[in-house]
Amino acid sequence: MGSVTRRGTRGRACATLLAAWCGVAVAAPATALQLMTEELPPYSFKSNNRVDGLSIEIITELFKRAGVSFDIRLVPLRRALATVEAEADSCVFPLERSQEREARFAWVSPLLITQSAFYSSTGRDLRVRSLADARDLSVGTYGGSALHEYLVTFNYSALQIAREELLNARKLQAGRIDLWATDTISGEYFARRAGIADLREQLVFMTTLRGIACNPSISPAILRSLRHELKKMHLEGRVTHIMNSYRFDR
Amino acid sequence: MENPVPDSLVPRAALALCAGLLASLATFAVHADMAAARKWLDKEFTVSTLSRAEQLRELEWFVNAAKPFQGMSVRVVSERIDTHWYEATVLAPAFTEITGIKVVHELTGEDDVIRKIQTQMDLGISLYDAYINDSDLIGTHYRSGAVVPLSDFMTGEGQVVTLPTLDIDDFIGISFTTGPDGKLYQLPDQQFANLYWYRHDWFSRPDLRKQFKERYGYELGVPRNWSAYEDIADFFTNHVKNLDGQRVYGHMDYGRKDPSLGWRFSDAWLSMAGAGDKGIPNGLPVDEWGIRNVDCHPVGASVSRGGAANSPAAIYALRKFVEWLDKYAPPEARNMNFTEAGAVPGEGYIAQQIFWYTAFTAALTRPGLPVVNKDGTPKWRMAPSPHGPYWEKGMKLGYQDAGSWTFLKSTPLQRRMAAWLYAQFVVSKTVSLRKTDVGLTPIRESDIQSKYMTQRAPHLGGLVEFYRSPARTLWSPTGINVPDYPRLSSLWWEHVSMAVSRQLTPKGAMDRMAERMDETLQEIAAEGQERCEPRLAQRARPDYWLNAPGAPKRRLANEKPPGETWSYEESLKGFEWDQ
Chain A
1 MGSVTRRGTR GRACATLLAA WCGVAVAAPA TALQLMTEEL PPYSFKSNNR
51 VDGLSIEIIT ELFKRAGVSF DIRLVPLRRA LATVEAEADS CVFPLERSQE
101 REARFAWVSP LLITQSAFYS STGRDLRVRS LADARDLSVG TYGGSALHEY
151 LVTFNYSALQ IAREELLNAR KLQAGRIDLW ATDTISGEYF ARRAGIADLR
201 EQLVFMTTLR GIACNPSISP AILRSLRHEL KKMHLEGRVT HIMNSYRFDR
Chain B
1 MENPVPDSLV PRAALALCAG LLASLATFAV HADMAAARKW LDKEFTVSTL
51 SRAEQLRELE WFVNAAKPFQ GMSVRVVSER IDTHWYEATV LAPAFTEITG
101 IKVVHELTGE DDVIRKIQTQ MDLGISLYDA YINDSDLIGT HYRSGAVVPL
151 SDFMTGEGQV VTLPTLDIDD FIGISFTTGP DGKLYQLPDQ QFANLYWYRH
201 DWFSRPDLRK QFKERYGYEL GVPRNWSAYE DIADFFTNHV KNLDGQRVYG
251 HMDYGRKDPS LGWRFSDAWL SMAGAGDKGI PNGLPVDEWG IRNVDCHPVG
301 ASVSRGGAAN SPAAIYALRK FVEWLDKYAP PEARNMNFTE AGAVPGEGYI
351 AQQIFWYTAF TAALTRPGLP VVNKDGTPKW RMAPSPHGPY WEKGMKLGYQ
401 DAGSWTFLKS TPLQRRMAAW LYAQFVVSKT VSLRKTDVGL TPIRESDIQS
451 KYMTQRAPHL GGLVEFYRSP ARTLWSPTGI NVPDYPRLSS LWWEHVSMAV
501 SRQLTPKGAM DRMAERMDET LQEIAAEGQE RCEPRLAQRA RPDYWLNAPG
551 APKRRLANEK PPGETWSYEE SLKGFEWDQ
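Taken in sequence, the protein lines are chains A and B. Numbered according to the numbering used here, the first sequence spans residues 1 to 250. Numbered according to the numbering used here, the second sequence spans residues 1 to 579.
Honestly, the hints are just simulated from the structure, not real lab data. Only true hints are included.
Listed below are the simulated DMTMM-like cross-link pairs for lysine to aspartate or glutamate, each with C-alpha atoms no more than 25 angstroms apart in a straight line: (1) A:K64 <-> B:D122; (2) B:K43 <-> B:D33; (3) B:K43 <-> A:D136; (4) B:K257 <-> A:D89; (5) A:K231 <-> B:E527; (6) B:K257 <-> A:E87.
In this text the structure is predicted, and so the values were computed from the model without any measurement.
Isolated chain A, as found in the complex:
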């Protein structure tokens, strides 16, 4: 998937120019920052041999505002994490900012604030009011996700791991799992793709802050600039606006 890339539309010269416009002193790296993300629609996906999606749009606007040039590659998450730990001027997004990961990276966050929920099909007579109510039910999760790891720590006995969220949506539709645990944006997206009309949200049980996690050697000036611009984007409502543009009932 390394061939599918997106390059920041402004090059270094342009980045420098933008920094000058904004009065922000950004020490651009010798090369563009290497950004990695996994393919996870609707956050990031291939479209006409380029990457697109919700988090890609936020990243693109953020880096333009900060005047930092970048390249984006779609890479499996584990490889992305290993690369960022090993290579300077590289970052992975959107990554849950957990305690275990805190010390390994330099962070720009929150890039996204997402919520995770248990979904059932409306045909099932289920009532989930807390994490405990779902613990003995068969719950479909996306393998390797932070959400899966979260439920594992609560001793969920019947987690069913899928390699794709679309499979979870189909399993729910076929009655092969009681619940599907996923974030609300992915839930809507894949339910629609699977043609599920009766998705029922049982419980939104987790709010997650996701950020850009960079190799700790990243320039402090770039970090400051990205953090500053991201905060402005949140306060101006730009992040919310972009997120809303990926909801289906807009």
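Fit chain B to the given chain A structure using the hints.
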């Protein structure tokens, strides 16, 4: 009703199902009555310092006070210790059935709670309607202007939803959550302390006692000072080595570069060594972080500005941490974090641990563990923490965590009121003794002094004795000197890890950290705070401050005085040290 959640966070799929939701809400409303209250009294809240009639009256108040909010859904977040699991999975559903207010109580890591409350304060996005946030942030909250002073709320716009039988004076941690202005900013939800933990059964064995006395010249017992702790660590790790066929160790700790490595220090390690000043709860003018405070303004952490973060006592504290981890702990401890290390004493091969959170009491009294007798009593005990050579009477001696209900001004009033009802429910006298029974993190004097806790005491390894003693005030959370806990706390793990990995000497690490702390204080001041912002003092020659009375203290010629121990029974009296 206002919607505090940004559109992006509203699950639109739910809107399509509004008919179903309304049906569910109707169900809540039907159950929101005294029948539900009686059901929960019968099945769950069977122990209480209130009579059943008093419990019913208290729950009836909740039923009535909640009526304007029935059908509302509120969202709160806390860290994920046993107490909060009980709240999220038992008390939240109970509250919903009794009041008709739906509660989603999220559980996550403490660092995530802090990031989320900071995000809400920074961005004004109402992520949660209430937070159970450690009172370590009292200095942050008091200065930020973003937190609702509960004293004002309870007598003002929140008066109609404030429980008449809340009994604020009954909370043992109120002083931790009160600002310098005398106002209450947070309401304690659970508390636990950091004490000394040891294998009472091993320390009672005549053969081991004889060997110890022959080698070190004094009795094997609860260490009163760090010298004795070090000797006992050496005894078990390097001389006893094997007990009952297994390798044993005289010390347990953790050293992985991780935010929890910072808690190991910011949770009062320096105060145990004796780095700060006398004065309860945190030491004045220099607290256990090493920050000097003048008229409520932090003026510096480095010795050159009158602080103690790189004082000889602080360097000694870090040096001993690293040395003991290397010499006496199991080899794997260096790569563990707080969570991983917490379970290790329960595995039965650790003789003592100087820095042990009583939040692990429930986990270490589970039947079947190698550290629990067949009759359910523990083989271990908790006792007062030993102190380092710089410690003097009148100083704090350890840490106490007070996870406390915190409400932000950015949360719309109606949602804040509904969440305040839930907060009061989980600390109400109707449920608090049962919650204490489950999580062992007491918050009320009435619960601690109850007959029920007297009956439980033999099974809890000294927890009840500690909380009944007046000396518990020597164990306190981070205090008012720390003006921005989220920003300053990361400095601890960033710099301590450099000493653990030997990138820097303990002195080099503390010198660098003190300098960074001063710089961060200056940044906080530049950004501005509502009150009591940092005002850095002019640098002076370190000798100026080291020769002045109190902290920072000069280096002691002998940092290892003779070891002193006492019996467990004597140590219990030690819990009553005059202050």
